[in-house]
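Asker: Dock chain F against chain B, hints included.
Each chain, written out:
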Amino acid sequence: MTPTLGSVQPVLQGRGLVKTFGRVVALNGADLELYPGEVLAVVGDNGAGKSSLIKCFSGAHTPDSGEMLVNGEPVVFRSTNEARQKGVETVFQTLAVAPALDISENLFLGREVRSKGILGSVFRKLDTKFMREEAARHLKELGIGTVQSITQTVETLSGGQRQAVAVARAAAFGSQVIILDEPTAALGVRESARVLQLIKDLRDRGMPVILISHNMPQVFEVANRIHVQRLGRRAAVVTPQTHTMNDVVAIMTGALTIDESDQALPPVSTSVS
Amino acid sequence: MSQTPTVAVDLAEEFMEPRTPLQRVQGILHRYPYVSPLVVLVVAMVVFTLINPRFLLPGNLSFLTQQTVVIGTLAIAQTLIILTAGIDLSIGAIMVFGQMVMANLAVSVTASNVLPIAGQNPIIAILLGILAAVFAGAINGFLITRFRLPPFIVTLGTLSVFTALTLILFKARTIQGPEIPEALKFLGKTIKIGDFALMYGVILMVAMFAIFAYILRNTAWGRHIYAVGDDPVAAELSGINVNRVIFSVYVVAGFIMGIASWIYIGRVGSASPNADPLINLDTITAVVIGGVSLFGGRGTLIGTFIGAFIIVVVENGLALAGLDQAYRVLAVGILVILAVAVDQWIRKVKS
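Read top to bottom, the protein sequences are chains B and F.
So the first sequence is numbered by the UniProt record's numbering: it starts at 1 and just counts up by one.
So the second sequence is numbered by the UniProt record's numbering: it starts at 1 and just counts up by one.
Read the hints as simulated data drawn from the structure, not as lab findings.
One should not assume that every hint holds.
[Said to hold, decoys possible] What follows is a set of in silico ranges between Cβ atoms, one per label pair, in the way DEER data are often shown:
#1 F:L149 to B:S79: 16 to 26 angstroms
#2 F:R347 to B:T20: 36 to 46 angstroms
#3 F:G157 to B:E221: 52 to 62 angstroms
#4 B:S79 to F:I211: 46 to 56 angstroms
[To be verified] Covered stretches of chain B, as calculated for chain F (at least 3 residues, CB under 8 angstroms):
#5 109-122
#6 173-184
#7 234-243
Quick caveat, the model's predicted, so the values are computed rather than measured.
Here a beta-carbon is modelled for each residue, glycine too, at the ideal position from N, C-alpha and C.
Bound-form chain B, shown alone (with noise of 0.2 angstroms):
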């Protein structure tokens, strides 16, 4: 049973996926791919169904019909904590922070940890020094450790450090993908170059991600294979070494079509190690 290259088991998988908002049909069948250690970039024009078919994976809608698999395993999200507890984070667009919390009160919302003997199990008493040094570590894994305090409020960041706290919190506690719901809209040069540097050292220390994105020059930086969504499914899936952004937007408006043949939908061998 030694996995040759064409049957690596995706770790996250949807097939035939529906979602429905009454009578606007969001998605219509999609399939999707992750592979192990890789990056996919996930593109489509408004309405292809991009936000809809990642929102399936984080948890935020339930699919109508079809199947969702995670290393293969079948599962069903009913809500964002579901998801996560089958290790799949995502960094919302909306980053999903809490502004007037501090960065460590952020990184653990929702997951905060208690402290240990009476204090902890009757007195409910959280552990902030443990979360504040944990949070700083996750911050200096990512290399963003220079923010000046960890128990800064998050409004008080600039637009890039509220992406980095994001991702740092997706990062800590997703063991098996992390899902970026366009990170870069909203920052500028300087600050999408080093949310698209975190990108592959997630990848690098063996995250698979998920990357949503308009930007075509930032999706073929960063991304081994690109999902074309178009009309509520898989249009394609092409690399950025045998297709051309013109390609790419060419088979989001529908002028080209592709054979299956000639698409990326296995794995494609890259660097990972």
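Answerer: Chain F only, in chain B's frame:
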């Protein structure tokens, strides 16, 4: 993992910009929102003492604490609710409702015009009164979370509902002090420390402030209250059950209002269905003056504690200065507007 990541760009540089003194003040207030009410309280006390030295007499100071006890206790409940970006206009009505449940249950059957429920064990009566307040709070929370109605509208409605229920169920009758068992008036007793009379109810209020400050600061539930008020969508996506947090806050607030019912009977010595109709506004005033943001997510109980005292100190101080009631109302009104203006200014703080 052999080389260090290259993204360690100096994120701290954004903080190196020199800040003007005003920005520094803004920063401090942002971090410690109760500093401005504390300054107001200290200044007010100094000024009132200069105007009339009687202000600082132990007798007057103990009067101040006793005047604060009901507003202060209810303001704890109001703070929890406002931190979730809600508001409770029915807080006084629920307190009166709970108090009438207690008094009507406990009143001796030999008193005149008692209801058929009279003559219960006073401890049971107190517990049932608190339970009634918890139930009333739960109704608010249920309507707000289940039907997604704005807290302002829900509690505006339940303000009338509970006020009317109190009058209908309890025949609009005031229960006089002599008819009420001692246990219900227990919190009105005092310990004499020289000329300073420390009321049991005040001790209970301070203890509740301390307990709830601990809960807000040090428990997951407390931090979730801030997160929910700050950005409910972010809280939900972070895995917090927003509706459950909000519902639980209204229930806990109901419990605090029930305790306030008990304190009120002790403080006043009787139970009237028409007691203090404006106290809900006073609690909002205390919370806002205390630096808690009406938009939710920021503020502390220390601030509320100070805010409750400011209302009472200003009223008392201006009275001792010989000013008419109208001026006291005017002063409190101006303080509220100032407090909200300061809050808006603090919110604009940027890195």
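Asker: Compare the structure with each hint and give your call.
Answerer: Right, here's what the structure says about each hint:
Between L149 (chain F) and S79 (chain B) the Cβ separation comes to about 23 angstroms, which falls inside the hinted range of 16 to 26 angstroms. The given range of 36 to 46 angstroms is respected by R347 (chain F) and T20 (chain B), whose C-beta atoms sit roughly 40 angstroms from each other. Between G157 (chain F) and E221 (chain B) the beta carbons are some 57 angstroms apart, a value that agrees with the proposed interval 52 to 62 angstroms. Taking the beta carbon of each, S79 (chain B) and I211 (chain F) are about 31 angstroms apart, not inside 46 to 56 angstroms as hinted.
With 5 residues carrying a beta carbon less than 8 angstroms from a beta carbon of chain F, the segment 109-122 of chain B meets the three-residue requirement, and the given coverage holds. Residues of the segment 173-184 of chain B lying with their CB closer than 8 angstroms to a CB of chain F number 0, which falls below the three-residue condition for coverage. As drawn, the segment 234-243 of chain B meets chain F at 0 residues by the rule of a beta-carbon pair under 8 angstroms; below three, the given contact is violated.
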